[in-house]
Amino acid sequence: MVFLDFEKPLEKLYEQLEKIQQVGEEGDVDVSEMLAEIEQKIKVKKKEIYSNLTGWQKVQLSRHPERPYTLYYIEQLFKTFTELHGDRKFGDDKAIVGGLAKMNGDSMVIIGHQKGINTKMRQFRNFGMANPEGYRKALRLMKLAEKFDLPVVCFIDTPGAYPGIEAEERGQAEAIARNLFEMVQLKVPILCYVIGEGASGGALGIGVGDKVFMLENTWYSVISPESCSSILWRSWDYKEQAAEALKLTADHMFEFKLIDGIVKEPLGGAHVEPENMAKALKRHIKKEISLLKEMTPEDRIQARIDKYSNMGKFIEVEPTPEPIEENSNPEE
Amino acid sequence: MGWFKRLREGIQTATKFKKETPDGLWFQCNRCKETSTFKDFKENYLKCPKCAYHARIGSHDYFDLIFDKSYEELFIQYRSSDFLEFNDLSSYQTRIEKAIEKTELNDAISVATGTVMKKPLTIAAMDFSFIGGSMGSVVGEKIAKAIDFCLEYKTPLLIISKSGGARMMESAFSLMQMAKTSAKLTQLARAKIPYFSLLTDPTTGGVSASFAMLGDINFAEPEALIGFAGPRIIKESIKQELPEGFQSSEFLLDHGFLDFIVDREDLKSTIAKLMDYLLIKAI
Ligand SMILES: [Zn+2]
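Top line first, the protein sequences correspond to chains C and S. Using my numbering, the letters of the first sequence correspond one by one to residues 1 to 332. Using my numbering, the letters of the second sequence correspond one by one to residues 1 to 283.
Careful: at least some of the hints might be erroneous.
To be verified - Heads up, simulated EDC-like pairs for lysine to aspartate or glutamate below, C-alpha to C-alpha not over 16 Å straight-line:
1. S:K268 <-> S:D68
2. C:K313 <-> S:D68
3. C:K313 <-> S:D88
4. S:K145 <-> C:E316
5. C:K239 <-> S:D88
6. S:K235 <-> C:E169
7. S:K235 <-> C:E316
These aren't lab readings, by the way, just hints derived from the structure by calculation.
Construct all of the structure, not just a fragment, from the sequences and the given hints.
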């Protein structure tokens, strides 16, 4: 087990639990009472820790090394899955995976950021940071879904779109912008789930949907807390403060009406009981897709436009009468 | 069509926020460092008279350069507010107030409508001087309102981008302005109303990755910095020097992301020509 800094009190309790179990296995003493007591203590401590997580602590949980990624959920959620590769223009991005899948007899297209599970795979997956061809592959699969009238499910989990020379040469900005534009008008239902990190345009590039949900311990923001700290505080040391200031948790995002709902995680995070997390997600997807299928494509598209048009907070001041002034155009 | 009528009759509501940049009688070039008179600078279409450098200018400078005699500024009532109570080294509220005071602008974008060689056009132009031209809720809303206006009055839209990206102090609200502006642009596209995107120095981050790259025609001023990630971030990420001319207008043209580069001197005639190709009629 990997313990995060704020989980350290639990680590001690688990160590005690292990020791008692060892004693029990040796068979001389009846440890059942002691076991029950320590398990109770763990339960209480867990509640205490996880019911009051700060923004930064949730960021840490969203990046937990044991946290399930897109391909894990795909394996758990779907009876069959066929991965489809490539953007048909340049190459195949390993940081975004996608393909055709079947759930309870229904076909769908699934797309998600993918992080690596070990050092080698993390490199292979480019830490979940997609290049333009990743976004273009995603769009190709969405168009495939549209052609055959299949719903699209997107899993978002990225520290950001990749900032590199080749990414710029191949038009990272255009690739993301194009996806935003096309996803708004896609005729089939789109469901999006933030399953880990939702950083900036890299997340939004596969994140425009009829309904967008966040798992309980994930975050969504215009910038990572670390980068925000480095730019606004001019130091890397204010990531905790930045995480608070950005109000990036699922609770905040739901309160702001920037997402449509939150999917509860098992106590301690999705990685503690990944199978249960996957089951909850499966139920959720099934229900939401059937709701979206009741709408006509035109209604869904209009509702998408209305939803995004309403995002934004500002104030309006009374317009004051303007003095009439001559335009000083040098040409005229 | 009330306002068109008023425009024809020569009644205009120019804004009190109009300001000539840079201030004063002298213009000092950021590139060649030479000094010229402001009059020469202005007569040279706000380019350095010595080296033709396209200085960073404001939204109202562009309105003056592009529109015929008169234009009307729209949607001036919107102001940013610090609804997240975002505090870093300064509070967002203070930043907003200081920016308004310093720039005499309402926010990082101004919208105006008028005519270009008698053809109707609505322009949304960004101001880098206002918190780095960053896009927050007000920028998104004013673009959305500009698009509604274009849909109602069937005028083409020109957005002049000049921005470091999304405004961090509005967090995910800023991020969602990318989706909002893109969603509104799909309405314009479905109505077959032309959208021209002019990218100027600099256009990066959430602005380049949304409306700035979505023009029917994407064009840029010479030597502008255009990209998704800023050069500093890329340099830190790959730990090597960036090639000469990387992320310049010319680089983007070469890689297929711009239709052409336009000299400021030809801006107005180019836009008029585009409108003519797309059969926009004079009023
Ligand atoms: Zn010069």
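Structure-based check of all given hints:
| no. | hint | verdict |
| --- | --- | --- |
| 1 | S:K268 <-> S:D68 | holds, 9 Å |
| 2 | C:K313 <-> S:D68 | violated, 34 Å |
| 3 | C:K313 <-> S:D88 | violated, 20 Å |
| 4 | S:K145 <-> C:E316 | holds, 13 Å |
| 5 | C:K239 <-> S:D88 | holds, 11 Å |
| 6 | S:K235 <-> C:E169 | holds, 15 Å |
| 7 | S:K235 <-> C:E316 | violated, 41 Å |
When each numbered hint is compared with the structure, violations occur for hints 2, 3 and 7.
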